[in-house]
Structure formats: C-alpha cells, structure tokens
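Trainee: Here's the letter readout for the chains.
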Amino acid sequence: MHGGGGHGGRGSFDEDEILGKAYDARLMRRLLGYLRPYRGLVIVALAIILGISVTEAAPPVLAKFIVDNAIAPAVNGQIGTDEGLARLAPLGIAYIAVLLLGSGLRYAQTMLASYVGQKAMYDLRVQLFAHLQSLSLTFFDRNPVGRLMTRITNDIDALIDMVTQGVVAIFGDIVVIGTIAIVLLVLDLRLALVTFAALPLLIWLTMYFRRIMRDSFRSIRIRLARINAYLNENLSGMAIVQLFTRERASFRQFDYLNTDLLNANRGQIRAMSMFFPAVGFTRAATSAALFVAGGFWILKGEMTIGTLLAFWQLVDRFFQPIGDLAEKYNIMQAAMASSERVFRLLDTKATIVDPPHPRELAHVRGEIDFENVSFAYNEGDWVLRDVNFKISAGESVAIVGATGAGKTSIISLISRFYDVQRGRILLDGADLRDLRQQDVRRHVGVVLQDPFIFAGTVASNIRLNSAGISDQQVRAAAAFVNADKFIDKLPQGYDTVVTERGSTLSVGQKQLLAFARAIAFNPEILLVLDEATSSVDTETERLIQDALAKLMVGRTSIIIAHRLSTIQNVDRIIVLHKGRVVEMGTHRDLLAQRGVYHRLYELQYRAHEAESPMKSA
Amino acid sequence: MTSARATFFHYLAGHRLQLLVGVCLAAGSSLAAVIPPRFIGAIIDSLQKPGVQFDDILHLALLIVLFAAIEAGLRAGARYVMLDASRKAEYRMRNDLFAHLQRMHLAYFQHQRIGDLMARMTNDLTWVRQMMGPGIMQGSFTVMVFAFAVLSMISVSLKLTVIALILMPLASLTFWYIGRTVHKRFERLQSQFGDMSTKAQENFSGIRVVKAFSQEDAETKDFAAVNYEYFRRAVSLSAMQGLIWPSISFILGIAVLSVLYVGGQDAIRGELSIGSLVQFVAYLYLLQMPMINIGWISNMFQAGWASLGRLQEIFNAAPKITDPIDPVTAPIKGEVEFRGVSFAYGQTIELHDISFKVPAGGSLAIVGPTGSGKSTMVNLIPRLFDVQQGEVLIDGISVKRRPLEQLRRAVGYVPQETFLFSVPLRENVGFGLDESLTDPQLEWAGDVSQLNKDVEDFPARYDTMIGERGVTLSGGQKQRAAIARAVAKDPRILILDDALSAVDTYTEAEILRRLRGVMRERTSIVVAHRISTVKDADEILVLDAGRIVERGSHRDLLEHGGLYAQMYRRQLLEEELEVDEEREEHDKRVKAQSEEDPRPGMRPRLGGIGGEP
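Protein chains in written order, with our numbering: chain A, 1 to 617; chain B, 1001 to 1613.
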C-alpha cells in the first residue's frame, strides 16, 4: 500500500486481522489530538466527573448519619422519639438533593462525552474522506472499495465507542475509586485498610482473567476469520462443489472448522463464567470481613453502626468499576486495531501531487504533445512504449487499436490520473506535472466508457456539484447532445431521480447524459472513450453519432472510437499497436497503406457493421 | 416450511437437559443470594444487644462467606452450562445452515447475493446466539432474583415492600418509553449509517468521474453533510440512551430513601429493628441488577428474533434441484441428447427448442456470439439448472431421473469462470475424488492439461497453496488447473465451457491433442470462441440468440458460408494482426530453450495472449 510494489491485494487478509494492543501510547496521543478543538467541553466533562464521584460517595455517608444521628439514638433511648423523627427530615431532603444532583450530572456527562466523541470522530471521518479524494487512481486500483468502506464506516465507529465509552468511562472510574477511597479513609482508617486488603486479590483476579481473555479473544478471532473465509469461498464456488460432488467432504471440513471455533469459544466461556462470580464473591467476603472487624470495634465502643453500614454500601461502589474493566478492555482493543488501520490510510501519501509553484494556466488553446512517453501501471509491464505525437489546438483525432493496445491509458494520462514514467506530456507547451491538477481537469472534459451515474437527479448528474451551471445551461447542454428528448419523456423530466445501481436509464441514455455532463463544463479539450458497446438501439445510436460530431466542433478532441462514422469524420487517426504508435494519417491514407489500420478496419469496423443486424435480433 | 419459533425451540431442545440444569443452578444461586442479608441484619441487631459475644458475630460473618461462596459457585455453574449450550446450538445451527445451502440450486446463489448470505451467517447468527445464551441466562437470573428478593422483602415487612415497589410501575413505564424511543432513534441512526456508506461507496466507485470533473471538494462537502446528519442522530440517540442509567439510579435511590425514611420511623417507634431495616435495604440492592437488565434483555430478544427470522428465510428456501423419488441407477455410458429444450432465465428466453444428439464417445462443439446461450446449454447437462420445456437425456434417460451424485460424477465440467479453492494445488486437482489423488493420476492429469510444466516453477510443486495465502495463478494456469481437475475424475462426459480462452494457442493445441487421446472412449462437449478449438469436433452447433442457426462439420459449415464462415474469416484476420510479432517472440523463445532444454517446444509460456490484463 505504501508506494512501490506492484502487487496490490496481497496482505489485505492479514491487515484486517491485526489484533492491536489494548493501549498504544502513540496511537492514543494521536487520537486524543482530535479532542483538542473541544478541550473546553472536555474540561467541563472532567469537572463533572469529579462532581459525580462525590454524589456517588455521598448517599452511604448520609445513610450513616440517618442511622447514627436519628434512628440509633432514638432506639437506644438517648433522644426522644419525636426528636429522632425530626432529625430524619433534613437528612432525607439532603439525600434527595444528592440523588437529583447525581442523576443530573451523570446525564450531563453522558451527553458531553457523546457530543465530543461523535463530533471529534465526525471531524476525523471528513478528514479521511477528503484525504481519500486526494489520493491518485493507482491507490484506488489497488484497494478494493469494500476495504475503504470498512475504514470509513466501521473502524471509525469503533473509535467513537472508545472515546465515548472507553476513555471517559475509564477516567471516570479512576476518579470514583479515588474519591471513595478518600471517603473510606476519612470515615474510619482501620476499616478502610480492611477494605483495601481485598484490592490485591481483586487486581490479581482482573489481571489473570484479562490475560486469559486476551489469548482466547485472539484465538477466537483467528478461528472466526478462518471459518468465514471458508464459508465465503464455498458459497462463491458452490457450483463447483456440487458439480464435483464434494458436498460431504466440504461439509466435513466446515464441521472441523466449526468444532475448532466451538472449542475456542468454550475455553473463553469457562474463563468468563468464573470471572464475574469470583469478583462477586470477593466483594461479599470483604463485606463479611468488614462486619467482623466493624463488629469487634463497635463492641469495644470505638465505632458506630452507621459507619459500618456506610462501609458496607461503599464497598459495592468501590469494587463495581474494577469488575467492568474487562468489557472496557474489549472496546479499547477493538479501537486500537481500528485506529491503526485508519491512521495508516491517513498516512498514505498521494503519488500525484500539485507542484509547489504551479504554472498558471489562464487561457488554454488546447495543444497536446506526447514526447517519448512510456507508461506502465505496474513497474516493467509497459502499456505505452515511447509514444510520440502532437495534436494541434482544435484538431480532432481518433485513436484506434486492438484491445490492450494502450488507448485508454492515453486518455487517463492526459487527465493526469497517472504520471508517465518516461518522457513527458505537454499541454500548450507546459508539462502536465508543472500544472495544478484542477486547472488541467477544468479544461479537459472526459466522457468515460461506463458513464458513472451518481445518486441524484438527471440535472444534478449533468451539473454535478457545480452550482455555477444554471438550470438553463443544463437544459442547453442536454439539448445540444440530443439528450433532451429522452429526458423530457422521463416522469419528472430533469428532476427524475436516478442511481447507479437501480438504473432506470439504458446504456445509450447514460452515454448521452455523459456527453451532456462533459459539454456543460465547456472544456477546451475533449476526451471521449467510446469503445464497443452493444445493446444500443438504432435510434439512440443515431443520436449518439450526431452528438459526437457536434461535440468535436471547435475544440481539441481525442476519441477512442468504435464507430465508423466517427473515424471518418476526424482530422487524423493514430494507430496504436502493443503500446506503440505504428501508423498515423487520415482514414483514406491509412487504408491505402494496407497496414495494421487496414486489418483493424476489416476486423473491427467492417465486421462490426456486418454483425450488428444480428446483434439487434 | 417451519416457523422461526419452531426453529428456536428445536435448537434449544437439543440441549434441554443442559438448559434445565442451568436454570436449576440459577435458581439455587438466586436463592443463595437472598440469604446473606438475613445474617447482616442479625449482626446489626446483635451489635445493639448488650452482652453479645464477638464469637456470635464471627459465626454470622462466616455464614455470609459460606452462602456467598455457594452463590458464586452456583452462578459460575449456571453461566457456564447455559452459555455453553448456546455455543453448541450456534455450532449446530451454523452446520445446518451450511448443509442446507449445499443442497440449494445454483439459481438461488445468483438471486441471493453471497454478501447477503455471509451477513446472515455471521451477524445474524451472532444475534441469535446472544439471545439463546446471555439472553436466556440473564433472563432467568433476572426473574428469579426478582422473585426471591421480593418474597424476602415481604417476609421482613409488607408495608415497606409496598412502599419500595410502589415506584416499580412508574419505573417500568419510564423504561418502556425510553426503550421505545431509543429503538426508534437507533433505527434512524442505522438508516443514516446506510446512507453514509452508500455515499462513500458511490464516491469510491466513481472516483474517475469525480477526479475528471474536479469534484473532490464538492464531494467532500456532500459527504460532510451526510456525516453531520449521522452525528446529529447519534447525539440524539445518546440523549435518550443517556437517560437510562441516571433514571435507574434515581428511582432506586428514591426507593432506598423511602424505605430508610418510613423504616426509620418504624425503628424509632420500636416497630422494626435496625437490623431488619438493613436487611431490607440489602434486598433492595439485589433488585438493582434485574432492573438494569430488563431493558438490555428485551433488546437482545428483539434483535435476536429479527435475526432468527432472516436465518429462517434460508432454512425455508427449498432446493429446486433434488434427487428423483425413483432413481434410475444404471451405469452411464455417455450418450447425450437434447430433445426440444427451451429455457428461460427470468423473463428472457435463453434457449429455444434445442435438439441434438451426441453418441457415447462422440464429440460436439458449440460456438456463437456472447450471450447466445452456449453456457446455459451445457449447464443443463449436470443439472446446474433444470429445463423448463423438453428433455435432456443421457443414455436415453432424462437427467432428472438420475441420482444427482451419479449424474455429476459422470460429468467432468470445466466452467467458463475458473474457480479454485484456497487449498494446495494437489487438492484442487483431486477435488472430485473421494480418496486423495495418487501421484501417477496427478502426473497424468497435469500432463493432459499441460499444467506440469508450470508447476515446476512453484515453490512446493503440487503441494503449493493456491490463492490469497499462496501463489496467484495466471488466467491460463487457472484454466489448466480446472481442466486437470475435470480430467482427474475420469468422467464419462467432459464439458469444456470456453475453458481455453486464457490459454495461448500453442498450449491449447497441445491440450486438445492429449484430450483427443483421453476422450476416445468418452463424450466431449466443447464450448468455444476460437475456431481452432472446435474445428475437429464430429459436429459443430452454431448458436445465435438461443437457437441453433447452423450445424455440421467444420468443412460443411465453411462451405455453407454463414455465421460460422464469417467468424472463421474474422479470426484469420485477428491472427494475422497478432502473428507477426508473436511468431517472432515464439521463435526467439524456442531457440533460447532448445539451447538449454532438451525438450524443444515443451515450455512455450506465452504471457496473456487471449487474456487482457
């Protein structure tokens, strides 16, 4: 993925299997960088967490006062019944106040965490998308759309989970544990020490199970990936499985993988079933120890019942976060792996970049010059070899050749989708690499073989996102290329909704739409990729031919043609064969030469004409 | 057809003993959980009594530890037994789904996209397992802890129980409302997630157009807008979801306060001991877990049930191509006959009244333009599809009356699109055999398909792993591996569906020569584009738009001067165009090889003549 190396696709499997560490300082620092714009809110959230920890610790303490100051003295007859009842009321009100405050703060904190996390990851997502836009086509050739989709959707969602549930919660837990520890120490030093005595055991338990979980998490992930790969392959190749009567054998293998996965899962269940009860038991045993120790000191008259009860309640709140750590660990681990992949993508450098000091391209005449151009998609596998030609401004040229001769590459190179390895391409005498990509593309209109239809309306597909193109211009462009007739027949005309997949348009109509798109931008140079397309009806075919002829007037046009009418109309024909320019001239001249063009003509054009009535049948 | 409910109980019933044990353990554990508060109460009360001994307190505390241990032990047992059952159910379900899919006809996989089936067998299966495992387990704990805790509360004080639970209906109502709103907002978020994915996918797929028209910034702005809506909906979901935990702790806190307040008054009046009050509060804390879990469990069941419905759709899809009820099992000799066969795929008619007959041991070739129905025709022989009209017969018996296994064992099929599995090459070649391939068999199949020479270059010869984790084969190598695979099963009928398209002409000739030797006793049906592949067949059928338009031998058809003759002329031209350069290259290679290799012409490896990069 990082430059070089012509072997796309390899390693994708492994990449998705990266099982990150739960914590990686470098990645974490970079992730936290995305919170910087929201540091005000982050500080507020942290302050709220402090408040929450106080409201967490307060109710048991209030309960202590209720018991020690109101109920116990009244029961023991130290104060009167009425006095006891009177003391209950203010404590009750304080209790409610703490509860309300706690709930409110908790809600505010959740909202803040969610807002900040979602917004920061919104930023990251937009940044990633914008970055992908800047990468060159080589990158998209090598990375399947599905993988990029996973990065921008699922991986970033995992990061959101980490910010909103992982980081904030872990910080909150630490503060709560700290606050309660302080309260315990203040309430009674001795009982606090008894409580803390359980901590080493609890920490050991957590570490022990965390390690088991990490190992089993890993082995389950690997087995799951394995069985899903097997499943995918067998579903895709089901015809072969059935034709070769392999059902039983392939089921045996599936069962083997499935059993393997089951065993790995059972290993994890065994560990996980123990963990929560073990934590629960430790907690109960600690309470029992508290009652013993507390009872001892109460009997000696050194402690009140209320204090003991407060401890009993606080222990629960003290141990709770530690038990939850396992779940947060999973979230963190998933997020670390995701962030690694997202950042790797963000760090991919664009191979085609604008020069630091681009030449200004004010007025374009439309002269194109290929000087000794050699080009390969993959190093050493030459598609174009030492190609030389010059097209003057306003000239129309057709490029012909057998499939694989390198015609499409010429179009891609003029748009600077790729850079040449040797030689150079000049636009009005300027090397393409000295110009801004956007400047070049603004003046070069491209009609691709498979005109891509974006989800939107017919009109939005013509003007794309350029608000500068008015409705009138859209209609004019459509009319110019004969697309208005079919558009007018659509149910909502120019506002008819179209999509790439659920295509309501025929191939011919899509092509007309692509013509309209190109002409709406009024380029000085027009590149048309028009290779053999079947299934266009004769009427549309006539419209396309007519439109194409009109498009070429008054601008430099380079056409990869499959229609006889087109090549007869152009000023010049360039014949490419195996990446080399072998012949050049007008239709008539070239035919007279009886060379490659003559054979191509016999093969592609004449034979095609002969075949086409059959195709329409 | 069965219902999702029936499927649910079917898989649970497979582990009913285990589940029963699990429920009993959960009951025991829940019961054990409500006992310690009693001792806590007793400790508190005895601390107030004058003259109590420390030993009594120690004794009570030990009882707490004892019951806590019992509770933890039983709980661990219940968790293990029930989660284990769900994993086993998942295992069986996954196996059953796979076995069911193996029986489905090819058209099903074309209609039902693989990606969708994969999603069902991964995500949906996970949700169903969550429902059957953690869902049922937490459900039983929740119900039983709740029941035991409430009963124990009543045993302490009916009045306090009523006060504590008076908030319950309100709490349920609140959670029900929040749950419903969360669900709705979650769906809205999911649909926006879908829109965002679509936007990204559209952009990545159409990146050429985006770049050609300099739309990068505008596209980013568009994406940011969709993404912003996603952000907005996510925050609006949190606004509801965030209410759950604070409101639970608030309601529980109010319940505790009410109990302390009313119970405190009772204690002051001497109607209730402090110990009993504490015991009661302890029960209230036990209720916390069930209250939190209810929403979570109901979510799990909702999602699980929806997923189960999607899995049920797979189970309910009936295989259209199955074994006959009264099969004919006479050995297959290899005569193939089509009698008035018509076939439609959806609305489009693919084949129109096709009739022909190939005697056992004969050879037939089929040519015609793309989409003329050639592949469809040969697909009907091993019943990848079934004819709608007319009959396909082997040895005079309809293929529909043969056991599928016998029929398919008799047919060696090389499909148009080569599909190899990610296993060593040896296993790919021996794919159609029950036992593993012997070395002589492998050598032979490799020789016929001209694969042996390529294999020399592989790191572990025939034991080399194929595919993503091993070597990537070229188009021609893949096709030859597929031919070896078909030949290795020693079939009575061999079908090559455009199976030499990526093989260079010289190797093709070698393969065809060897195949003729192999096929002397067998029937061969070859679909091809190249005249060179088909010209020696006994009979050639020319197909156009689903009809046989010409038939006869190579010579007959050339004389006839129709479509076949036209194809022939075109291909001569094409060869002329290629030939100068290629002959040059080939000559160069042969010359170079003959100097180092004693077998001239055995290693002509021409890269991708027919196959475009």
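It should be emphasised that the hints constitute simulated quantities derived from the structure, not laboratory data. Please note: incorrect hints may appear among the correct ones.
Covered stretches of chain A (in silico footprint by chain B; criterion: 3 or more residues with CB under 8 Å from a CB of chain B, positions within the stretch not fixed) [said to hold, decoys possible]: (1) 36-43; (2) 128-139; (3) 234-248.
Glycine included, every Cβ here is placed at the ideal spot set by N, Cα and C.
Trainee: Take the hints in turn and mark each one as holding or not.
Mentor: Evaluation of the provided hints:
1. With a threshold of 8 Å between beta carbons, the proposed coverage of the region 36-43 of chain A by chain B is violated, since 0 of its residues qualify and at least three are required.
2. Figure legend: the region 128-139 of chain A, annotated as covered by chain B; annotation consistent (6 residues with Cβ-Cβ distances under 8 Å, at least 3 required).
3. Under the rule that three or more residues need a Cβ within less than 8 Å of chain B, the assignment of the region 234-248 of chain A holds, with 14 such residues.
This entry does not satisfy hint 1, going by the numbered hints stated previously; all others are met.
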